[in-house]
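Which chain is which? The protein sequence lines are A and B, in order. When we follow our numbering, the leftmost residue of the first sequence carries the number 2, and every step to the right adds one. When we follow our numbering, the leftmost residue of the second sequence carries the number 9, and every step to the right adds one.
Treat each hint with caution, since some may be false.
In silico DSS-like pairs for lysine-lysine, Cα to Cα no more than 25 Å straight-line [what the hints assert, rightly or not]:
| id | chain 1 | residue 1 | chain 2 | residue 2 |
| --- | --- | --- | --- | --- |
| 1 | A | LYS15 | A | LYS67 |
| 2 | B | LYS108 | A | LYS56 |
| 3 | B | LYS79 | A | LYS42 |
| 4 | A | LYS42 | B | LYS108 |
| 5 | A | LYS65 | B | LYS108 |
| 6 | B | LYS108 | B | LYS79 |
| 7 | A | LYS42 | B | LYS50 |
| 8 | B | LYS76 | B | LYS64 |
Worth flagging that the hints you see were computed from the coordinates, not collected in a lab.
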Amino acid sequence: GAVVSQHPSWVICKSGTSVKIECRSLDFQATTMFWYRQFPKQSLMLMATSNEGSKATYEQGVEKDKFLINHASLTLSTLTVTSAHPEDSSFYICSAGRRDEQFFGPGTRLTVL
Amino acid sequence: GESVGLHLPTLSVQEGDNSIINCAYSNSASDYFIWYKQESGKGPQFIIDIRSNMDKRQGQRVTVLLNKTVKHLSLQIAATQPGDSAVYFCAERPTGTASKLTFGTGTRLQVTL
Numbered sequence: 002g003a004v005v006s007q008h009p010s011w012v013i014c015k016s017g018t019s020v021k022i023e024c025r026s027l028d029f030q031a032t033t034m035f036w037y038r039q040f041p042k043q044s045l046m047l048m049a050t051s052n053e054g055s056k057a058t059y060e061q062g063v064e065k066d067k068f069l070i071n072h073a074s075l076t077l078s079t080l081t082v083t084s085a086h087p088e089d090s091s092f093y094i095c096s097a098g099r100r101d102e103q104f105f106g107p108g109t110r111l112t113v114l
Numbered sequence: 009g010e011s012v013g014l015h016l017p018t019l020s021v022q023e024g025d026n027s028i029i030n031c032a033y034s035n036s037a038s039d040y041f042i043w044y045k046q047e048s049g050k051g052p053q054f055i056i057d058i059r060s061n062m063d064k065r066q067g068q069r070v071t072v073l074l075n076k077t078v079k080h081l082s083l084q085i086a087a088t089q090p091g092d093s094a095v096y097f098c099a100e101r102p103t104g105t106a107s108k109l110t111f112g113t114g115t116r117l118q119v120t121l
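Extracted from the complex, chain A is given alone in its bound form:
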């Protein structure tokens, strides 16, 4: 149990377009989901905490208008990278919280040309 999926697993887009990434908890309900970004050879950096039915809480330095998060149900959170630029190219990973544990998705590789 405790499986988390992400879609798509990779995406390539042109500069200026928006990209939506989905995070789903497949076999449990998650009131809290987390979004991380990971650059090559670096650690995971928490971007925001997504709570079902309320606004996301963003970490310092993360632009909320650029990285839109929606947590519409207990099994789905989405991250939309708006007006993407090459510097947004990264590996985006979500996790879903159950009790005090986090279960991670497989990640989404975003490449902005």
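Chain A is already provided as a structure; the job is to place chain B on it using the hints.
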């Protein structure tokens, strides 16, 4: 705190030997610690966890040691196998942060034959 290193430290171990991966954490108020394994292009995978009221916990082929005095965490892998090759991250959860995790820098484990 968060890590922003550009180069992951690497530990090279021969197959069959024991591996010890170290982590220094930053927040003396953290009450829960987790080790994750991350293979290339994938999300983090839970290995083992430990709470601050313990100093040692054992799993299958893995042991985590916690030294709160010097804020140090270690992961020991017995009889290291090629499949153990990956990047290993420690994560800490400060008390009262509702499962929000802070990841360490990470260590790349290379298992040689």
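Hint check:
Distance check on the hinted pair: LYS15(A) and LYS67(A) sit about 16 Å apart at the alpha-carbon level, within 25 Å; holds. A C-alpha spacing of about 16 Å is found between LYS108(B) and LYS56(A), which places the hinted pair at or below 25 Å, so the restraint holds. The straight-line distance between the Cα atoms of LYS79(B) and LYS42(A) is roughly 24 Å, inside the 25 Å bound, and the hint therefore holds. Annotation: proposed proximity of LYS42(A) to LYS108(B) holds, straight-line Cα distance about 22 Å (limit 25 Å).
For the suggested pair LYS65(A) and LYS108(B), the alpha carbons sit about 18 Å apart, so the restraint of at most 25 Å is met. A distance of roughly 19 Å separates the Cα atoms of LYS108(B) and LYS79(B); the hinted pair therefore holds under the 25 Å criterion. With a CA separation close to 13 Å, the supplied pair LYS42(A) and LYS50(B) stays within the 25 Å bound. Under the criterion of a C-alpha separation no larger than 25 Å, the hint pairing LYS76(B) with LYS64(B) is consistent with the structure, at around 11 Å.
In the structure shown, no violation is registered for any of the earlier numbered hints.
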